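Trainee: Here is how the chains run, residue by residue.
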Amino acid sequence: MAEVPATSTSSSRAGSARDGGSASSRTRRPGLGGRARRARGWLYVLPAVAVYAVFAIWPALSTLRLSFLTWDGVLPATSAGMDNYTRIFRDPALYEAILNSLVLIVFFSFIPVLIGLLMTALLIGRVRTGMTFFRVVFFLPQVLPLVAVGITWRWLYSDRGVLNQLLELVGLDGITRAWLGDYHLALIALGLIGTWCMSGLCMMLFLSGAQKIDTALYEAATLDGAGAVQQFRHVTLPGVRKEITIAGVITTIAALASFDLVFVTTNGGPAGQTNVPALLVYRLAFNEGNIGSASALAVVLTVIVIAIVSAIRFFAREGK
Amino acid sequence: MGKTRFNRRVSAFVAIATLGAMSLAACADTSGPGETTGGSTGDEVGDSAEREASTTIGDEPVTLTLAYTDDPPTQALVDGFTEVHPQVTIETQQTPFSDYVKTIKLAMSSDSPPDIAQYNPGAMNTLVPAGLILSLEPWKDAYGWEGSFPQASLEVLSSDDAAEQFGTGDLYAAPGALSVLGVFYNASILDEAGVSEVPATLADLEEAFAQVQDAGFDALSVGGLQVGGFHVWNALLNVLGDVHDYRDWVYGSPGASIENEAAAEATETLARWVEEGFIPSGANATADSDAQADFANGSSAFLVTGNWAASALEAELGEDVGFFLMPGPTGDTVNVASGASVAYAISAKTEHPDVAAAFLDYLSSPEAARIQFETGFMPVETEADLSADGLRADIATSFGGVVENNGIVPFPDFASPGMIDKLTPGIQGIISGSTTTDAFLGSLQESWDEHHG
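Chains as they are written, first to last, in the working numbering: chain A, 6 to 325; chain B, 4 to 456.
Looking at chain A on its own, in the form it has when it is part of the complex (with noise of 0.2 Å):
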C-alpha cells in the first residue's frame, strides 16, 4: 500500500482498475474474454485519466516545451535553444534557492518526521480515550489554507505579536524581534511553520500504520521483557517504516516546491535570504513575463525534486 500520496489520481485509477478486475474474475460469464475485461477496466478509468492528462500531463509538458521558447506571454515566441537554461545555472539566486529550499526539508520534513515519530510512540497503544481529539488537533494545520496560515504566522512572529509578548512574559525581553524580518534567522523562523503544518501529517500517518501492526507482536515482546522504548523500536519503527517513506517524499516535495508560505510570510525576504526555487519562477514568468525562462527554472526544480525523491526511496527500499 505505499503509494506515493501526491498521485492520488493514480492510486485511485490503480484501485479502481484493480477492483473492476477482481470482481469481473469473481463473477467470470462465459464467453467474456480477457481483452473485453481489460477494456471495461479503462472505461472505469477513463474519466480520471482525461482529468489527469488535460490538467496534470498537459501542462507539464507545455512547461516543458516553453523552456526551449523565448516567450513574454503576448509577443509570438521564438526559439531559444538551451539559452534559457545557461541563463538560469548562471544567476547565483538559484543556487542560494536551492540552499535554502534544502534547509526547509530539515524543518518541513526531518523534523516533522521525528515529532510524528515521538507522537506515534506516545498515543499508540495507551490512549484509548481522546483519540479522535489528538487526531483532528494535530491534523489540523494539514486542513487550513496555507495562505491562511502564513498570514497568522506572519501576525505571531510580528515585533508586537504573540510570540515576543510570551518572550517578555519571562523575561526574554532580549531577544524578541520581527523573527521574520530578522536577516540571520528568517528562514529558521519560516521552516518552523513548515514544522508546524507538516508533524500532524506525519503523525497520522504514523497512527495510521501502527493501528496495522498485529497486538500479538506487543504481547510477545512484553512476555519477552521488552520495555516501552525496546517495543518501539524494534515493534512500532520496523511496522510504521513505509509510512515514514511517504511522509518523508511528501514532507520534502513540500519543502521544496513551497511557494505559497514563503510567498505570504516573507516573499523571500529579507534581502534575499528566504528565496526559493518555486518563488524565482513566479517572478521570472509573472513579474519579468519571461516565461521560456521560468519554465527552464520549472523544469531544473522538478528534476531536482525528482532526484531528491528517489533517493529517499532508495535507501529507505525493503532491504530484499
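Hint data in this document are derived by calculation from the structure and do not stem from the laboratory. Keep in mind that this is a model prediction, so the values were computed, not measured. Just so you know, even glycine gets a beta-carbon here, dropped at the ideal spot from N, CA and C. It cannot be assumed that every hint is accurate.
As the list claims (entries may be wrong) - Residues from chain A shown here face chain B by an in silico Cβ test under 8 Å; the list is partial:
id	residue
1	D77
2	V79
3	L80
4	D164
5	G294
Claimed, not checked - Restraint-style ranges between C-beta atoms, simulated for each label pair:
id	chain 1	residue 1	chain 2	residue 2	range
6	A	D88	B	D82	28 to 36 Å
7	A	D265	B	H247	40 to 48 Å
8	A	L177	B	P99	36 to 44 Å
9	A	L171	B	Q154	52 to 60 Å
10	B	D74	A	Y49	43 to 51 Å
11	B	G301	A	L171	17 to 25 Å
12	A	D88	B	D392	56 to 64 Å
13	A	R165	B	D82	37 to 45 Å
14	B	H247	A	T91	33 to 41 Å
15	B	D207	A	L171	33 to 41 Å
For chain A, the structure is supplied; the task is to place chain B on it using the hints.
Mentor: Using the frame of chain A, we list chain B on its own:
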C-alpha cells in the same frame, strides 16, 4: 512487484512534474504561444496612427466591454460616462490585481478582446509592440488632450514602438485617476511630542522623528516586506536628486544610471534612519497593510505612502491625520513626487474606437474629476472646484503644486520589469544592514541594463 514500482515511479514523476507546471499552466492557455493571434510586428502600430479620429459618437446604441482591476474608481467613472451618454452601455469585467496583469495580455491577444482595458505601462508594455492596443495620437490631437490632462501623466503612458523607452513616441493610454506619494502624520502624536509645526526640511523631519521617539512612539511605520521600504527611499530620492536624471532613468533613456550621488545620499539617509531607530527594526517583516494599521492605531507618528491610503486613514484617525510631501534639504516648496495613474487603453480590435476614446476624454472632465476625488484619488482635471477640507485638502494642495510644476514622476519599479524584485530585497538589505549602498544601487542598475542595455 517490479511493475507496480515502475508504475508508481511513473505516476510519481508525472505528479511531481505537475507541481512545477501548475504555476505556469495559468499563463499557457490552450492556444499556446505558437498560435498567438494578432501577434504581429510593430508595423501595424504605424497604420493605426493614420486612423481617422472623431470626437462625436452618434446616437446609435453601442455596447463596449471594459476590463479593469482597480475599483474605485473604475466603476464610478463608467457610471458617470454612461449617464452623460445613455446610448452607450459599458460592460465591465473586474479581475483581482494579482491576476489582472497575467490574464489581460492573453485576453487582449484573443479574438474578442475587451474594447477598453485598464493599462499598466510597466507590466503590460508588450501590448504595444504586439500591436494590440491603439496609438491614441489621433484622438489626442482631435480632443486636445495635451491641454486637458497633466503633461507628466501622459508622458508615462507614451512610449516608442518597442515600448522600451517611455516619455517619447505615441500615447497609448489615458489616465483616469492619479495618485501621489507623500508623508502622512498623526497630529495628536506630534502635539504630545511637542512638535509644533509640520516639518519643512529633512532636518526638521528627523528632529520630529527624534521627538516622537522620546515621547514613546515609533517614528515611522514602514512596510519593508513589500513596497513600503522602497517608497521611503523613493520619496527621499525625489527631493535629494535631480528630477531629470531620475526621469531619464525610469523612462529608460539611453545611458541613464541610478548609480549617482543623489541615489547614494537617499540610500544613506534611509540607512541612518534605521540606525537612529526611526525605522523600526521589524520593518522587514511588516507588510504594507500592517504598517498602515500600525499608523492608523496610533503606534507611529509618520507613514510614507500614497494618497490611496487616505480614505482608510481618515476613517480611523479623523481630523488627526494630515499629509505633506517629503520635505527637501532646504525649506523650498517641494514640487516633485512619485505618482501613478489608473489608466485605460483601447484594443486595436475594437469596432468602436471613437466611443472608447470618448470615454477616455471623459476622464479629464470636471464631472469625472469629482468622481476621482470622491473615490480617494487625485483628479486628472486639476482645476476642478472640489471644496475639500482636512486631509483631502492637504493632499490636493500638495498635489496641485506638483502638477503645476510638471513634477509627477513614476515609481522606480517602473524602470524595468524585474526592478521590483531588486528594490524590495535591496532595501531590506539596507534595513538589516547586510547590503551596502553601492551593492544596492548596482543591483538596480544591473536590472536596468538587462532590460534597456
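Trainee: So, for every hint listed, does it hold in this structure?
Mentor: Now for the hints, and whether the structure bears them out:
Nearest Cβ of chain B to the Cβ of D77 of chain A: about 5 Å, under the 8 Å cut. The hint holds. Hint status for V79 of chain A relative to chain B: holds, with the closest Cβ pair at about 4 Å, below 8 Å. Checking L80 of chain A against chain B: minimum C-beta separation of about 5 Å stays under 8 Å; hint holds. A least Cβ separation of about 3 Å between D164 of chain A and chain B falls short of the 8 Å threshold, and the interface hint therefore holds.
Proximity of G294 of chain A to chain B holds as hinted, the smallest CB-CB distance being about 6 Å (cut-off 8 Å). For D88 of chain A and D82 of chain B, the hinted distance range of 28 to 36 Å is not satisfied, since their beta carbons lie about 49 Å from each other. Taking 40 to 48 Å as the suggested C-beta distance range, the pair D265 of chain A and H247 of chain B conforms, at roughly 43 Å. About 41 Å separates the C-beta atoms of L177 of chain A and P99 of chain B, a value consistent with the hinted range of 36 to 44 Å.
Checking the proposed 52 to 60 Å range against L171 of chain A and Q154 of chain B shows it holds: the Cβ atoms sit about 56 Å from each other. A beta carbon spacing of about 47 Å between D74 of chain B and Y49 of chain A agrees with the range 43 to 51 Å that was offered as a hint. Between G301 of chain B and L171 of chain A, the C-beta spacing of about 24 Å keeps the proposed range 17 to 25 Å intact. Taking 56 to 64 Å as the suggested C-beta distance range, the pair D88 of chain A and D392 of chain B conforms, at roughly 58 Å.
A hinted range of 37 to 45 Å for the beta carbons of R165 of chain A and D82 of chain B is consistent with their spacing of about 42 Å. For H247 of chain B and T91 of chain A, the hinted distance range of 33 to 41 Å is satisfied, since their beta carbons lie about 38 Å from each other. Take D207 of chain B and L171 of chain A: their Cβ atoms lie about 40 Å apart, and the range 33 to 41 Å holds.
In summary, the structure is inconsistent with hint 6 from the numbered list given earlier, while agreeing with all the others.
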